[in-house]
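There are 4 protein chains.
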Amino acid sequence: MHVQVFTTGGTIDKVYFDAKSAFEVGDPLIADVFRQAGVAFSFDVDALFQKDSLDLTDADRALVADRIAACDATRVVVTHGTDTMPETARAVSERLAADSGGAAKTVVFVGSLAPARFKATDAEFNVGFAAAAVQTLGPGVYVAMNGRVFDPEHVRKDRAGNRFVEAPAS
Amino acid sequence: MHVQVFTTGGTIDKVYFDAKSAFEVGDPLIADVFRQAGVAFSFDVDALFQKDSLDLTDADRALVADRIAACDATRVVVTHGTDTMPETARAVSERLAADSGGAAKTVVFVGSLAPARFKATDAEFNVGFAAAAVQTLGPGVYVAMNGRVFDPEHVRKDRAGNRFVEAPAS
Amino acid sequence: MHVQVFTTGGTIDKVYFDAKSAFEVGDPLIADVFRQAGVAFSFDVDALFQKDSLDLTDADRALVADRIAACDATRVVVTHGTDTMPETARAVSERLAADSGGAAKTVVFVGSLAPARFKATDAEFNVGFAAAAVQTLGPGVYVAMNGRVFDPEHVRKDRAGNRFVEAPAS
Amino acid sequence: MHVQVFTTGGTIDKVYFDAKSAFEVGDPLIADVFRQAGVAFSFDVDALFQKDSLDLTDADRALVADRIAACDATRVVVTHGTDTMPETARAVSERLAADSGGAAKTVVFVGSLAPARFKATDAEFNVGFAAAAVQTLGPGVYVAMNGRVFDPEHVRKDRAGNRFVEAPAS
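Read top to bottom, the protein sequences are chains A, B, C and D.
Its first residue numbered 1, the first sequence is counted upward by one per residue in full-length UniProt numbering.
Its first residue numbered 1, the second sequence is counted upward by one per residue in full-length UniProt numbering.
Its first residue numbered 1, the third sequence is counted upward by one per residue in full-length UniProt numbering.
Its first residue numbered 1, the fourth sequence is counted upward by one per residue in full-length UniProt numbering.
Hints listed in this document are in silico derivations from the structure and should not be mistaken for laboratory results.
Glycine residues also receive a C-beta, built at the ideal position from the N, C-alpha and C atoms.
Among the clues, some could well be false.
Stated by the list, open to error - Okay, derived cross-link-like pairs now, DSSO-like style, lysine-lysine, Cα gap no bigger than 30 angstroms in a straight line: (1) Lys51(B) - Lys51(A); (2) Lys51(C) - Lys51(D); (3) Lys51(B) - Lys51(D); (4) Lys51(D) - Lys51(A); (5) Lys119(C) - Lys51(D); (6) Lys119(A) - Lys51(C); (7) Lys51(B) - Lys119(D); (8) Lys51(A) - Lys119(A); (9) Lys119(C) - Lys51(C); (10) Lys51(D) - Lys119(D).
Claimed, not checked - Looking from chain B toward chain A, a few residues come up when the C-beta cut is under 8 angstroms (computed): (11) Ala31; (12) Val33; (13) Ala37; (14) Gly38; (15) Val39; (16) Phe41; (17) Ser42; (18) Leu113; (19) Gly128; (20) Ala131; (21) Ala133; (22) Gln135; (23) Gly147; (24) Arg148; (25) Val149.
Let's have the full structure, built from the sequences with the hints guiding it.
If you want it as structure tokens, here you go:
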């Protein structure tokens, strides 16, 4: 079993720079989480962006979709900021649907609501959840947050509740 | 989606008692992990034992199997010590195979190689992994460790390597 | 032994609000640190502000000084943001020097360069350091950071190096 | 300012070996704690033993005392298991009293009631406390636990309460 990871930034990778009291996206932590868990699958991590997901553009989303479509792997995890995760997942879904080879891929989007560098965080749980989802689900594009697998067409972030919930198709 | 959890003890729940420099099984932590992850499924936790899995008896395993067979849930997670996890999973598998209703259940065994109370632990990742596996896999009994889903008939703990590996049927 | 704590905010108490991707000052954590350490001295915690120290005004500093001068305790710890910690410490020092009773107080300023809510943080170490300093040092006002006791007149934050260093009197 | 550290083992350095479900003394962690806190003093760490303090012998205590008496440093921290910390501190105190040069040294014993590798631990606080105590206290031998500085002649571990308390001279 091989898993290809693309990282795009988001809360999961946020760090705090006291020198300017700012909170920015740092290096991807998912490989550290995999290693601490002693995962028995092989993986590659490709860092595409280090962005807050509110700053991702359509061109960025197209690049994510292109990279997924072009890679050899059939099992792909994307770490992503939570604010626009469903949008990027839908863009990838559309791109793969238009692509004969893409139809055979399982793509799982995941992130976290608290930074992985926090003591109290959902990051390790979520990465573990995504690691199982990407191995057990059939082809398709999924959003894995709050311990649930969502269809990108039927999920939204409830910002007030700070959680992902099912939603009518947008 | 509802998940029934049975806890039996094991490293995942180990605590350290300095007063006697001993390391014992404490209260189950899985509900805390679920809450910290803000899981969007309902769950019940039933603590069956607080034992090192080397101390589990055949009667204990029969009790675990009975409780799983008797419960209403079709999605069941069992937290368990790593040393005899495959044995208990096989006992449950045999029991459910002999039971008409049991055939419809998805049962995932999980634990951790380092206590959940440690800073560096596989516990949160593993619990997240099991939470996805129990929701996405079809009926059957599975061992979820080291980021992989194993068939209880074909897994063993490599004690020297401190990890779970595939193994010929025992 | 009794220790009076005044909290003013700063990095030590920062939390992350994903809903707006902002990093704000949360509830004071020093009492949690004391409790986790099982401290054998009594303490009170009074939260004066929840501010980034760059936002503290002269009026705020005067209030801190007044509260310290007016309190019954002779052992006082102040948690404070790092950017203007020396300024507030000097303001308190001047106020106490002008006050007959104030001359008998030991006041220790402390904070952290990484939030206490981070896995990797200097917060617990620094709070422990301050707890010892406030009990062992004679009357005076001190800045306790980076494992050193500094005279407020001879310390500055080296922002590029993200640490406190000795400095000529300002 | 220079601090010499001698480590002897104890709970602070305990690790958990799942392969045998045992809890043993691992590598000293105090240097990691100092580095994470960005301490602005120089230090050396010398690992003398990796023992549970119940296993320390009179010969071991004599060795600790000899090493402290013989070292160049005047500021010495000793990390030590909690069960016999006062005994070793008294042995060191007697040795230094019989030694002209020893009289000029400040020696602080410290450990922790929960392993430093735990999420919830007093280790970082205690190490920070000891770092301040060793710099601010005059010559003598001290036990620094539970946020207090104790005279080795008047302290004992209350095993039931799992904390250090004042005690009549033994």
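Pairwise hint evaluation, Lys51(D) against Lys51(B), where the allowed Cα distance is 30 angstroms at most = Holds, at about 27 angstroms.
Quick one, is the Gly128(B) hint okay against chain A at 8 angstroms, beta carbons?
-> 3 angstroms, holds
Verify the proposed pairing of Lys51(C) with Lys51(D), using a straight-line Cα cut of 30 angstroms.
-> Roughly 46 angstroms separates the two Cα atoms, so the pair is violated.
Taking the closest Cβ pair, is Leu113(B) under 8 angstroms from chain A?
-> Result: holds, 7 angstroms to nearest chain A Cβ.
Please work out if Lys51(B) and Lys51(A) have their alpha carbons no farther apart than 30 angstroms.
-> Roughly 46 angstroms between the alpha carbons, so the hint for Lys51(B) and Lys51(A) is violated.
Are the Cα atoms of Lys119(A) and Lys51(C) separated by 30 angstroms or less?
-> 22 angstroms, holds
Closer than 8 angstroms between Cβ atoms is the bar; does Val39(B) clear it against chain A? Give me holds or violated.
-> This interface hint holds because 3 angstroms falls under the 8 angstroms limit.
Gly147(B) as chain A interface residue, shortest Cβ-Cβ below 8 angstroms | Interface hint status for Gly147(B): holds (3 angstroms vs cutoff 8 angstroms).
Status of the Phe41(B) interface restraint (C-beta, 8 angstroms, chain A) | 6 angstroms, holds
So, Ala133(B) near chain A? Judge it on the closest CB pair being under 8 angstroms.
-> Holds - the Cβ of Ala133(B) comes within 8 angstroms of chain A, reaching about 5 angstroms at its closest.
Are Val33(B) and chain A close enough, Cβ to Cβ, to be under 8 angstroms, as the hint says?
-> 6 angstroms, holds
Holds or violated: Ala31(B) as interface residue toward chain A, Cβ cutoff 8 angstroms?
-> Hint on Ala31(B): violated, closest Cβ of chain A at ~13 angstroms, above 8 angstroms.
The earlier numbered hints that this structure contradicts are 1, 2, 4, 11, 17.
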